[in-house]
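Colleague: Protein chains in written order, with the numbering used here: chain A, 1 to 412; chain B, 1 to 412.
Check before you lean on any hint, since a few could be wrong.
Identical chains share a label here; the pair holds if one copy fits it or two copies do between them.
[Stated by the list, open to error] Below, computed lysine to aspartate or glutamate pairings styled on DMTMM-like, alpha-carbon distance capped at 25 Å:
| no. | residue 1 | residue 2 |
| --- | --- | --- |
| 1 | K183 | E76 |
| 2 | K191 | E71 |
| 3 | K23 | D238 |
| 4 | K411 | D127 |
Hints were generated in silico from the structure; no laboratory data involved.
There are 2 protein chains.
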Amino acid sequence: MRPTIVIVGAGFGGLRAARALRKAPVDVVLLDRHNYHLFQPLLYQVATAGLEPEQIAKPVRAILRRQPNFEFRMVEVTGVDFATRQVATDRGPVPYDFLILALGGETNYFGLESIVRHGFGLKGVVDAVAIRNHVLRCFEQAMLEPDAERRRALLTFVVVGGGPTGVEMAGALSELIRLVLVKDYPRLNIKDVRVLLLEASDRLLAAMPDRLSEAAAETLWRKKHVEVRFGAAVLDFDGARVTLKGGEVIPARTLIWAAGAKAVSLTATLGLTTARQGRVTVTPELQAPGHPEVYVIGDAAYLEHDGTPLPMMAPVAIQMADTAVANIARRLRDEAPLAFRYKDPGSLATIGRNAAVAYLGGVAFKGFAAWVVWLIVHIIQLIGFRNKLFVLMNWAWDYFFYERAARLITKE
Amino acid sequence: MRPTIVIVGAGFGGLRAARALRKAPVDVVLLDRHNYHLFQPLLYQVATAGLEPEQIAKPVRAILRRQPNFEFRMVEVTGVDFATRQVATDRGPVPYDFLILALGGETNYFGLESIVRHGFGLKGVVDAVAIRNHVLRCFEQAMLEPDAERRRALLTFVVVGGGPTGVEMAGALSELIRLVLVKDYPRLNIKDVRVLLLEASDRLLAAMPDRLSEAAAETLWRKKHVEVRFGAAVLDFDGARVTLKGGEVIPARTLIWAAGAKAVSLTATLGLTTARQGRVTVTPELQAPGHPEVYVIGDAAYLEHDGTPLPMMAPVAIQMADTAVANIARRLRDEAPLAFRYKDPGSLATIGRNAAVAYLGGVAFKGFAAWVVWLIVHIIQLIGFRNKLFVLMNWAWDYFFYERAARLITKE
Chain A
1 MRPTIVIVGA GFGGLRAARA LRKAPVDVVL LDRHNYHLFQ PLLYQVATAG LEPEQIAKPV
61 RAILRRQPNF EFRMVEVTGV DFATRQVATD RGPVPYDFLI LALGGETNYF GLESIVRHGF
121 GLKGVVDAVA IRNHVLRCFE QAMLEPDAER RRALLTFVVV GGGPTGVEMA GALSELIRLV
181 LVKDYPRLNI KDVRVLLLEA SDRLLAAMPD RLSEAAAETL WRKKHVEVRF GAAVLDFDGA
241 RVTLKGGEVI PARTLIWAAG AKAVSLTATL GLTTARQGRV TVTPELQAPG HPEVYVIGDA
301 AYLEHDGTPL PMMAPVAIQM ADTAVANIAR RLRDEAPLAF RYKDPGSLAT IGRNAAVAYL
361 GGVAFKGFAA WVVWLIVHII QLIGFRNKLF VLMNWAWDYF FYERAARLIT KE
Chain B
1 MRPTIVIVGA GFGGLRAARA LRKAPVDVVL LDRHNYHLFQ PLLYQVATAG LEPEQIAKPV
61 RAILRRQPNF EFRMVEVTGV DFATRQVATD RGPVPYDFLI LALGGETNYF GLESIVRHGF
121 GLKGVVDAVA IRNHVLRCFE QAMLEPDAER RRALLTFVVV GGGPTGVEMA GALSELIRLV
181 LVKDYPRLNI KDVRVLLLEA SDRLLAAMPD RLSEAAAETL WRKKHVEVRF GAAVLDFDGA
241 RVTLKGGEVI PARTLIWAAG AKAVSLTATL GLTTARQGRV TVTPELQAPG HPEVYVIGDA
301 AYLEHDGTPL PMMAPVAIQM ADTAVANIAR RLRDEAPLAF RYKDPGSLAT IGRNAAVAYL
361 GGVAFKGFAA WVVWLIVHII QLIGFRNKLF VLMNWAWDYF FYERAARLIT KE
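Between the sequences and the hints, there should be enough to build the whole structure, so can you do that?
Modeller: Okay, here's the thing in structure tokens:
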């Protein structure tokens, strides 16, 4: 009997693992509650009407169509029975010989219930389309609002969190408004519009060298008209007013929360030991302690590297997938598993047209050069030639014509 | 004071009227509850994962951005006070000197409540995306369904109504399944899949000559594997079983209702005299009787032409818009309004790749030639060069690679 390897999650890690097993003498079963793989790094562009969801997502079945040892099941995973080696799902149990848990992350609201209720996260297609609908609706409502104060609140957009997602979201939102929407709303007074980026610490992009963090803040502030505020911790948002620690209140109808991530809530229910952000503490070989046939990778796994926890980012998930697959292969040959070694590919964040910061191979650079690198890297990583082509065409069009194609309010 | 012309509805008629007034010495206010104009003739392609909503819809503000006398308001119209000349909306009244009611149509379920509840209409973006999600979800569920009978019901798709929408929907759905999804689902037994097109009368495409109707049925049946049934009137659908007049029951989890249209329900509440399908009886000059400053056009207007009611189709709406605008201009010059004359541009329906039927200028043709004409006509009519380009690229890709890009299940 060929061993069955069940992979939970079709994100960067799970998909990579499934592909890496294509020539292995095993059966691969991939489970996900969505039927598509999502290229999350470009999700903020869906939220700002630049891209359509279909352009950054691709059905899992289409991606792995030609892999004969592969099977996909769209199910909701509800637990794992490690004793009988079965994944529990809403459509019955799925038995495994090896299990790769690539469960992924979700927005971490740090217990702020009011923000869960009134704010927007940015983790999935539904989130992104909800933000797009809401932002455009705010503009439509502002046009009809006679009261100046309420109009300004409709046109105040608060992004919380100075990591890459928050920086990219704030920059893209400001460009959507200042390059595109101003043309749609000739009666709009641009002075009524505010985009704020709130960061609790004293710098943006903590993974980057200081001078790039400063460059990012400077560019956001001077070129993109984003009000960057440091030491600004959000305590509450009731849908109309953002309350900061210290008591300051910002009237705003939109709050986008990009201030934290954690492992998906399912992770905590599996009975495995979890560490910070609800991530499962794994052995250096990426196994769940006590369950050598279970691998945990990506956002769901907690592992320290040179004394600091590995970040919840795609490169970590992808590299971990390779190690997990290699270790399963070694195990099938009765060899001892190898410890995971992370090779940091560096980091990139775009702020808007012609503006990005990059820290690659220890080299820091910014501006147009970083922006071109960002663009190339993202096009290369997008899955499927069709998606690459359509995204590139969209970007080219938007770049030259100052447009955004997806400015539709599609929710009833 | 320049007169204010309020147009209700941003469909084919309303948009055409707004554009036709661009050089007139008037202020134009266009009201719609959506912020976009939708190219409805291609909506079935969104429902069958071929196109993305953004490619057949364009924001009204973007379309009419350069028209200085134009203003758009996204509001829900709730009524009209003809005495004080005000349109009532959820955001307060909008006064007018002339009113053009281009309210459009909606699905006519003929009082069949069970179909409203369990079936799908195909009038808006939300409908189309709902069908796409549902059809793809049926395939995912069928893969997990051990019971053969229930699996077959999941894979039985019933389209009701043999007009252009039903014919195009059934053909496109069958092609989606037989050309694309079979590759995604290698374990699928294609014999389990049924696409039915139910028509209550004894022919498809009633507006076409007999031999084209026959050719369409023949092509659907022989080439596209659609089971075309005549004399099949649907009485009930409970989400699992379709019941026909006569008692026959078809187990199916999907019913798409393309069997009728009527004026939107708002039309009936305006206090104007309505005729068949809830449409407002208008004078030959397209005015509401007793209200010479109110024009009713498109699906909302009932007018007979050579003894038969004008159909609820885009060409009628567009031509009526031109007449309404011309009559307003004449009125401003104190000239008598002119009667509407409809020029029938003919009709077209596509059945799938390389297959369509066309009846243009009294000439009937079919097959590849008709399909090419259909393609050209639709690309030309799509609004905006970007949409034309992206739709054409999508079609080319799908044609050569037997693909559909938008196979995502995006509803949680």
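Colleague: If a hint holds in the structure, say so; if it does not, say that too.
Modeller: Here is what the structure says about each hint:
| no. | hint | in the structure |
| --- | --- | --- |
| 1 | K183 - E76 | between (44 Å within a copy, 24 Å between copies) |
| 2 | K191 - E71 | between (54 Å within a copy, 21 Å between copies) |
| 3 | K23 - D238 | neither (53 Å within a copy, 46 Å between copies) |
| 4 | K411 - D127 | both (12 Å within a copy, 11 Å between copies) |
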